[in-house]
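Just so you know, the protein sequences line up as chains E and L, in that order.
Position 31 of the first sequence, counted from 1, bears residue number 31 in our numbering, the numbering being contiguous throughout.
Position 11 of the second sequence, counted from 1, bears residue number 11 in our numbering, the numbering being contiguous throughout.
To be clear, the hints were calculated from the coordinates, so they are not data collected in a lab.
All values derive from a computational prediction rather than experimental measurement.
The beta carbon of each residue, even a glycine, is placed where N, CA and C say it ideally should be.
Please note that a few of the clues may not be correct.
[To be verified] Simulated restraints, written as ranges between beta carbons of each label pair: (1) L:Val65 x E:Thr169: 23 to 29 Å; (2) L:Trp56 x E:Pro139: 46 to 52 Å; (3) E:Asp20 x L:Glu79: 49 to 55 Å; (4) E:Ala94 x L:Arg30: 27 to 33 Å; (5) L:Ser69 x E:Ala21: 42 to 48 Å; (6) E:Glu123 x L:His11: 20 to 26 Å; (7) L:Arg40 x E:Ser187: 22 to 28 Å; (8) E:Arg175 x L:Ser69: 37 to 43 Å; (9) L:Val60 x E:Glu51: 41 to 47 Å; (10) L:His11 x E:Ser166: 16 to 22 Å; (11) L:Asn24 x E:Tyr176: 23 to 29 Å.
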Amino acid sequence: MPQEADAGDESLMLAYRDGDAGAFDRLYERHRGGVYRYLLRQCRNAALAEELFQDVWMNLIRARASYEVQAKFSTYLYRIAHNRLMDHFRRRDALVLSLDDEAAAPVDEPVAPSGAQPEITIEARAQAAQLLALLGKLPEEQREAFVLQQEGGLSVEEIADATGVSRETAKSRLRYALAKLREGMQSWR
Amino acid sequence: MALNYGNDMEHDESLAKRYREAANESPPARLDAAIRAAARRDAGAGPRPLSRIRAWRVPVSLAAVLVLSATLVLMMREEGADRLETAVEPAPPRAVAPERPAEPQARTAEAQAPASPSPAPQSRAQLPATDIAPPAPQAAPQIEQKVLAGNAVPPESPPEPRREVAAMSEMARPMMSAAPAAADAAAGRMSRSAPAAAAVAPAAPHLWQDLIDQPADKWIQRILEWQRAGRSADAEALVREFVRRFPQQPLPPEIRQP
Numbered sequence: 001m002p003q004e005a006d007a008g009d010e011s012l013m014l015a016y017r018d019g020d021a022g023a024f025d026r027l028y029e030r031h032r033g034g035v036y037r038y039l040l041r042q043c044r045n046a047a048l049a050e051e052l053f054q055d056v057w058m059n060l061i062r063a064r065a066s067y068e069v070q071a072k073f074s075t076y077l078y079r080i081a082h083n084r085l086m087d088h089f090r091r092r093d094a095l096v097l098s099l100d101d102e103a104a105a106p107v108d109e110p111v112a113p114s115g116a117q118p119e120i121t122i123e124a125r126a127q128a129a130q131l132l133a134l135l136g137k138l139p140e141e142q143r144e145a146f147v148l149q150q151e152g153g154l155s156v157e158e159i160a161d162a163t164g165v166s167r168e169t170a171k172s173r174l175r176y177a178l179a180k181l182r183e184g185m186q187s188w189r
Numbered sequence: 001m002a003l004n005y006g007n008d009m010e011h012d013e014s015l016a017k018r019y020r021e022a023a024n025e026s027p028p029a030r031l032d033a034a035i036r037a038a039a040r041r042d043a044g045a046g047p048r049p050l051s052r053i054r055a056w057r058v059p060v061s062l063a064a065v066l067v068l069s070a071t072l073v074l075m076m077r078e079e080g081a082d083r084l085e086t087a088v089e090p091a092p093p094r095a096v097a098p099e100r101p102a103e104p105q106a107r108t109a110e111a112q113a114p115a116s117p118s119p120a121p122q123s124r125a126q127l128p129a130t131d132i133a134p135p136a137p138q139a140a141p142q143i144e145q146k147v148l149a150g151n152a153v154p155p156e157s158p159p160e161p162r163r164e165v166a167a168m169s170e171m172a173r174p175m176m177s178a179a180p181a182a183a184d185a186a187a188g189r190m191s192r193s194a195p196a197a198a199a200v201a202p203a204a205p206h207l208w209q210d211l212i213d214q215p216a217d218k219w220i221q222r223i224l225e226w227q228r229a230g231r232s233a234d235a236e237a238l239v240r241e242f243v244r245r246f247p248q249q250p251l252p253p254e255i256r257q258p
């Protein structure tokens with residue numbers, strides 16, 4: 001999670017802009033998981049998420065020469081990811097409409113937590129699976145707001161900035177998402 | 001395990017913790033390698049020239065703005081001074097009106113240097129009597145009115161030169177309207193021509209408004225009246241104007257010369 005390590009992202013990106021490949025490696029290490037999971041949660045297809053993930057980072061690499069610090073780097077990065085997702089959804093919707101094929105976009109089931117973390121108990125894994133399932137049922141915008149908060153460490157304002165909506169809209173989406181997730185997790189109280 | 005849900009409407013630490021435990025997917029290593037390689041390739045080209053341009057963009061822009069502004073100001077000053085000199089200099093020997101465009105400059109010069117001694121006699125010596133201008137702004141319309149009214153006021157001096165004066169003042173009017181702006185713009189450059197202009201310009205034309213068409217003895221009479229009445233400053237101004245208008249006429253000894 002990048003929340004604790006966001007300081008210096010902008011400097012790293014500026015260093016990369018000026019030719020420091022090592023700076024990119026550090027940036028990538030900080031944000032690769034978050035961006036990937038954001039894409040995965042939104043498109044719910046691992047293969048597609050990988051393709052979009054690569055596009056997002058390639059777009060960042062291509063834009064390095066014109067990079068200037070105008071916002072937090074994570075906001076900038078997730079805005080690129082959001083725009084790439086929107087492009088994909090628009091194309092997919094157009095394709096679905098033209099083919100009248102509802103199954104054009106395969107939807108994977110929410111990915112359950114792997115067993116690679118022995119400290120996580122069976123009950124905790126069940127809770128996590130429940131949470132991901134609930135997350136998968138949220139409307140796309142509400143899910144996006146929640147995931148951006150969790151993966152990107154974005155504030156309400158930054159979520160609004162990254163997704164191109166007003167602060168009130170982003171706040172409302174986040175509140176609805178949290179309320180539904182809380183409600184769905186009531187059985188674990 | 002019981003979850004402790006926070007009350008914050010926009011953040012829930014328990015949900016966040018649970019999400020962090022659940023969300024541990026990461027991109028495949030081959031993607032990592034491909035992206036890092038692409039980044040290195042792109043950075044391998046070194047800093048792009050655009051970065052250097054960006055670094056110098058602001059200073060160069062500021063310098064360009066400064067140079068252009070300074071050049072513009074200098075050009076405007078030069079042009080303003082040229083216009084001013086053009087307005088002042090072309091005074092044909094017999095023309096009266098061309099002195100009038102210089103009048104606003106003279107006023108400005110007077111305002112700038114009120115304590116400078118008036119070199120009127122010197123100026124008077126340089127100009128023939130027939131070429132001396134009547135008090136310009138107030139006198140010219142009066143003369144025009146008289147001419148248009150068919151000489152309602154009996155002229156004591158030949159009317160022909162006055163008609164000429166009126167015509168010239170008509171011609172000079174557009175120049176007069178343009179001259180003050182130029183004079184104000186180039187006030188700093190005017191000081192060299194100011195004494196001459198001040199010498200020609202009347203100090204207080206309203207004082208001798210009613211004497212314009214009167215002979216010299218009327219002027220002397222008025223000067224004496226004012227001296228007796230204690231209006232020394234007005235009397236002195238009138239004496240100056242008298243000397244300017246009647247350079248051949250000797251002043252009576254009882255009149256105090258300024």
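A range of 37 to 43 Å was offered for this pair. Does it hold for the Cβ distance of arginine 175 (chain E) and serine 69 (chain L)? violated (54 Å)
Tell me if the beta carbons of tryptophan 56 (chain L) and proline 139 (chain E) are separated by a distance inside 46 to 52 Å. holds (49 Å)
Range hint 49 to 55 Å (beta carbons of aspartate 20 (chain E) and glutamate 79 (chain L)) holds or violated: holds (53 Å)
Is 22 to 28 Å a correct range for the gap between the Cβ atoms of arginine 40 (chain L) and serine 187 (chain E)? Given about 49 Å between the Cβ atoms, the range is violated.
Lying within 16 to 22 Å: is that true of the beta-carbon distance histidine 11 (chain L) to serine 166 (chain E)? holds (19 Å)
C-beta pair asparagine 24 (chain L), tyrosine 176 (chain E): status relative to the range 23 to 29 Å that was hinted: holds (26 Å)
Look at the Cβ atoms of valine 65 (chain L) and threonine 169 (chain E) and judge whether their distance stays inside 23 to 29 Å. violated (41 Å)
If you check the beta carbons of serine 69 (chain L) and alanine 21 (chain E), does the distance land in 42 to 48 Å? Once the Cβ atoms are compared, 43 Å apart, the range 42 to 48 Å for alanine 21 (chain E) and serine 69 (chain L) holds.
Quick check on a hinted range of 41 to 47 Å for valine 60 (chain L) and glutamate 51 (chain E), using CB atoms only. holds (43 Å)
Check the following: the C-beta atoms of glutamate 123 (chain E) and histidine 11 (chain L) are separated by a distance inside 20 to 26 Å. holds (24 Å)
Do alanine 94 (chain E) and arginine 30 (chain L) keep their Cβ atoms within the hinted range of 27 to 33 Å? holds (30 Å)
Hints 1, 7, 8 from the list above are not met by this structure, while the remaining hints are.
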